[in-house]
Amino acid sequence: MAAATSTEESFKLAIPDADLELLRKKLDLVRLPDELDGAEWDYGVPLDDVKRLVAHWQEKFDWRKSEAKINELPMFTRDIEVEGFGTLNAHYVHQRSEVDNAIPLLFVHGWPGHFLEVRKILPLLTAKSPDHPSFHVVAPSLPGFGFSGAIKKTGFKGPQYAEFLNKLMISLGYNEYVYQGGDWGHILGLQAVTHYGHKHIKAWHSNMPLPGARPSPVKNPLIFLSTVLSAFSQEGRANMQRAQQFAQQGTGYSKMQSTKPQTLAYGLTDSPVGLLAWIYEKLVIWSDKYPWGDDEVLEWVSIYWFSRAGPGAAGRIYYEMANGGTGNALDGNVWQSVPLGISYFPGEVVRLPRSWSHLIGKLVFEGEHEKGGHFAAHEAPEGLVGDLRKMYGKGGPAYGVVPGKDGYSA
Amino acid sequence: MASSDERPYSISIPDSELDFLKKKLELTRFPDELEGAAWNYGAPLSDIKRLVGHWQDGYDWRKSEAALNTLPMFTRDIEVEGFGTLNIHYVHQKSDVAGAIPLLFAHGWPGSFLEVRKLLPLLSAGGPDHPSFHVVAPSLPGFGFSEAPSKPGFKGPQYAEVLNKLMLALGYEEYVYQGGDWGYALGKYVVTNYGHRHVKAWHTNMPLPGAPSLFKNPLLYLGMFFLSYDETSMKRLANMKRHRTKGTGYFNEQATKPQTIGYSLADSPVGLLSWIYEKLVSWTDEYPWTDDEVIEWISVYWLSRAGPAASTRIYHELTGGMTHDTDQGTVWTSVPLGVSYFPKEIFQLPKSWSHTLGNLVFESDHDKGGHFAAFEQPEAIAGDLRKMFGKGGPAHGVVPGKGGY
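Protein sequence lines correspond, in order, to chains X and W. Residue numbering for the first sequence follows UniProt numbering, beginning at 1 and increasing consecutively. Residue numbering for the second sequence follows UniProt numbering, beginning at 1 and increasing consecutively.
Please note that the accuracy of each hint is not assured.
Derived DSS-like pairs: lysine-lysine, alpha-carbon spacing no greater than 27 Å straight-line [to be verified]:
hint : chain 1 : residue 1 : chain 2 : residue 2
1    : W       : Lys368    : X       : Lys282
2    : X       : Lys51     : X       : Lys12
3    : X       : Lys152    : W       : Lys279
4    : W       : Lys246    : W       : Lys216
5    : X       : Lys51     : W       : Lys22
Simulated from the structure, these hints should not be mistaken for laboratory data.
All chains, please: the whole structure from these sequences, using the hints.
Okay, structure coming up:
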């Protein structure tokens, strides 16, 4: 099947000088708040961190250097039609393995993530070896994020994201493929598998297992019982306490973005330090003591600052998926029989009882890790890829799911 | 009697501050907007663009400043146990009537001392037919032109201490209290800690009762189960639910990560503008805001002494970082309480529940007005206070020797 369609274009980042100049001017005029004595992380991002990062942004961080390195990735854009929303221009990384029959894998980021989260796993996934499977990797910027086009109208929800993602893979000649995601990548994975499971998506993997609903004592008696029992283990109790703490004290960003993303957008679009703090808070709190470098952080934030739709657009996914805050992004998802693999990372934000993974879908693989948090592909690339290799490799529970593409050289 | 700490206060923002703001406005970068978003996703782009344009070209801060400086404003140092001295800014309007009732007016967020402006002439006016008031309207610590606390832990009792000490310092040993928004929440602490002895009665336009409890309010509690609520109460509960679901993102963020959102508010004029303007419109009853009014309101935050980020911390302190209610430690007291209900107030609970807040002696209903009642409906608030405290009213003469006539 022919892969390329007429709208695909090779893509190189080239942020205009004028944009860099505006950023420089804004940083020169930054006005910082004060801070309560001894606040540390109790009230949000500490002032010392922000001061240091702003200074680095002004004096040391070299966007053109980052840009040149990013441009070494094989990036493209192409138009994708989404019913009711016209044409969206998709930006994506597309790296084929030298193994012809490599497994096509779609990698989907979340918030405040982006396509560059694929960077470290890219060489590992595409590498050829007799000992493990290889993958062709497609890692898009979701609409409204990174360098994909902006969504223009209200109502772009789960089915639309799924349609966008599936059409991208098909347009690249991957009629059957596997899916990997965390954060929104997980939630959209549920949507994708619901609409395109089996026919197109043959298996999927998540590093942020969240089910659509709690176990019911009637429908899921064993899981329900196992949950009750897990409350008696130290780890179970600790996880539940953490989950509760997150729900109570860690969801301000989500409540804002799911109800008033436009109000929030003004500050995030206009203020580099405002955007920096908003994102950096999660990079630190949601990772497992990952040793962020200042350049790393600023490059990450720059993807948002220079994004095609503007930094204010990304938060709208929360609004659309949760019905303007009246619902939950996971509402309505039902168990799917497409084979599912889960990786558990200790620093993930919400750790529910492992038995709940069975509520999401047909669980065929589980991998447990000692280190790594929410941004697993970035923090623990070998860990994540190791799990995918086990899941899809010879002898693995999802070996050969994509007919004719088992990931090994013939 | 005035202490030697009191100083008359004139706002005098340096030119350099205004130049700096101008430079920042010139660099404003706007987001896009979804077609048909209207107000559903937050403050609309066309409103914000128009307001930023006005801020740059039409609005004159010096004119606002000059007008504000005709108000009788002062500052004085107030000691707060464990927090040292805070320099507090306040409006102090005495009435010509010697026996006027001392009244403390407390604002909230995103309010300010500006909210007392329209009430001042009405409350302090003398007349045979209604009581008069001496009015004290401070900037709460961390707001307007008052200093902010510099350490964590400045909670309800501390705010109450500042407010009470301010009144005492002005020679008002006994006084009455009026407030909405945080002015209401802090009122509960003021009344719990200084009720009867100093605070003789209080009034709020934003009653926020908890649900009746079996032990504290048995009749109301049982009523919840056995009596159906009338249509008005049901409508109020529905409005409340809608606000809780769709309108409290700001509350949650400010109560958990005020520093994080503080960076945007301190650095971005348009970020601050939209954050506050959204509430000015959605919390009022179609109040016909002029652009000048809006920008003046925002300017008090942008140019505030402690900076705009400081004003958000009250949410964190008063909720324990979202771990408890805002009235923790306050109690029901028999201090006379008056409540005014405005149709577009954001918190709407069954009116019968107001009895759980205190010794309810006065209630008043209005057809028009929202959250910023003193600003939107000054005659209504003044009218209610006059009825409550006037001759024949339920709280007449609560302050001995200061009946208001």
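Now the hints, each set against the structure:
no.	hint	result
1	W:Lys368 <-> X:Lys282	43 Å, violated
2	X:Lys51 <-> X:Lys12	32 Å, violated
3	X:Lys152 <-> W:Lys279	25 Å, holds
4	W:Lys246 <-> W:Lys216	31 Å, violated
5	X:Lys51 <-> W:Lys22	23 Å, holds
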